[in-house]
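**Student:** Sequence:
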Amino acid sequence: MNDELFLKIETLIADSGETYYSSGPASEDTILAYEASLGLSFCDSYKMFLRKYGTLMFNGLSFYGISKQGLFANSAPDVRYVTLEARKLGDIDDKMIKILSSGYGPSFSLDMSIIGSSGEAVVVETDLSFKRERNKNIISNSFSEFLFQEISASLEE
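Numbering follows the numbering used here, with no gaps: position 14 of the sequence shown is 69.
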């Protein structure tokens with residue numbers, strides 16, 4: 056399933072004619088170090104993303120991942136940095152990994168405490184009020200579904 060979706064994602068990006076930027080593939084050792092530093096194991100589709108792209112900037116979207124600076128990164132789009140900062144601010148809880156900011160308020164995270172129908176962690180949307188209300192809105196059953204949906208939607212706008 057993930058392989059099929061990633062193939063569709065690659066085709067969407069290639070066929071769009073839009074330029075994309077990535078930090079490049081992350082190594083298994085680096086992925087393990089990131090998991091340890093965040094205290095969570097990544098789901099399979101997110102690991103596939105990290106192995107293929109590291110981070111991805113496409114058509115106005117910036118998907119967080121492992122940047123070239125690795126554990127020394129201190130800015131977006133590094134997933135470790137943005138996740139730890141969001142946790143400090145109370146914008147996400149310690150079972151969440153921040154993967155995308157909307158730029159207008161809501162942010163999107165993998166919620167490792169909720170497993171969707173795909174057998175992977177779901178993607179949730181949270182508003183700035185999360186620190187007070189703790190509301191989460193499940194918007195996708197896996198990271199690969201979310202990535203495909205967001206890239207598709209960006210090309211329709």
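Because the hints were derived from the structure by calculation, they are not lab data. One should not assume that every hint holds.
[What the hints assert, rightly or not] DEER-style ranges, computed between Cβ atoms: (1) Glu211 / Pro161: 16 to 24 angstroms; (2) Ile193 / Gly158: 18 to 26 angstroms; (3) Gly94 / Lys123: 19 to 27 angstroms; (4) Gly94 / Thr74: 17 to 25 angstroms; (5) Asp149 / Glu65: 13 to 21 angstroms; (6) Lys107 / Ala131: 28 to 36 angstroms; (7) Ser209 / Lys107: 28 to 36 angstroms; (8) Ser209 / Gly79: 16 to 24 angstroms; (9) Phe127 / Gly72: 31 to 39 angstroms; (10) Tyr76 / Glu188: 33 to 41 angstroms; (11) Lys186 / Ser92: 18 to 26 angstroms; (12) Gly145 / Ser71: 20 to 28 angstroms; (13) Lys123 / Gly158: 32 to 40 angstroms; (14) Leu144 / Glu65: 17 to 25 angstroms.
[Claimed, not checked] For lysine-lysine, the following DSS-like pairs were computed, each having C-alpha atoms within a straight-line distance of at most 27 angstroms: (15) Lys186 / Lys150; (16) Lys123 / Lys186; (17) Lys143 / Lys186; (18) Lys191 / Lys143; (19) Lys191 / Lys102; (20) Lys123 / Lys143; (21) Lys191 / Lys123; (22) Lys63 / Lys143; (23) Lys123 / Lys107; (24) Lys150 / Lys102.
Here the structure is a predicted model, which means the values were calculated and not measured. The beta-carbon is built from N, C-alpha and C at its ideal position, and this holds for glycine as well.
**Student:** Looking back at the hints listed earlier, which ones does the structure fail to meet?
**Tutor:** Of the numbered hints given earlier, those the structure breaks are 4, 5, 6, 7, 12, 13, 14, 16, 21, 22, listed in rising order.
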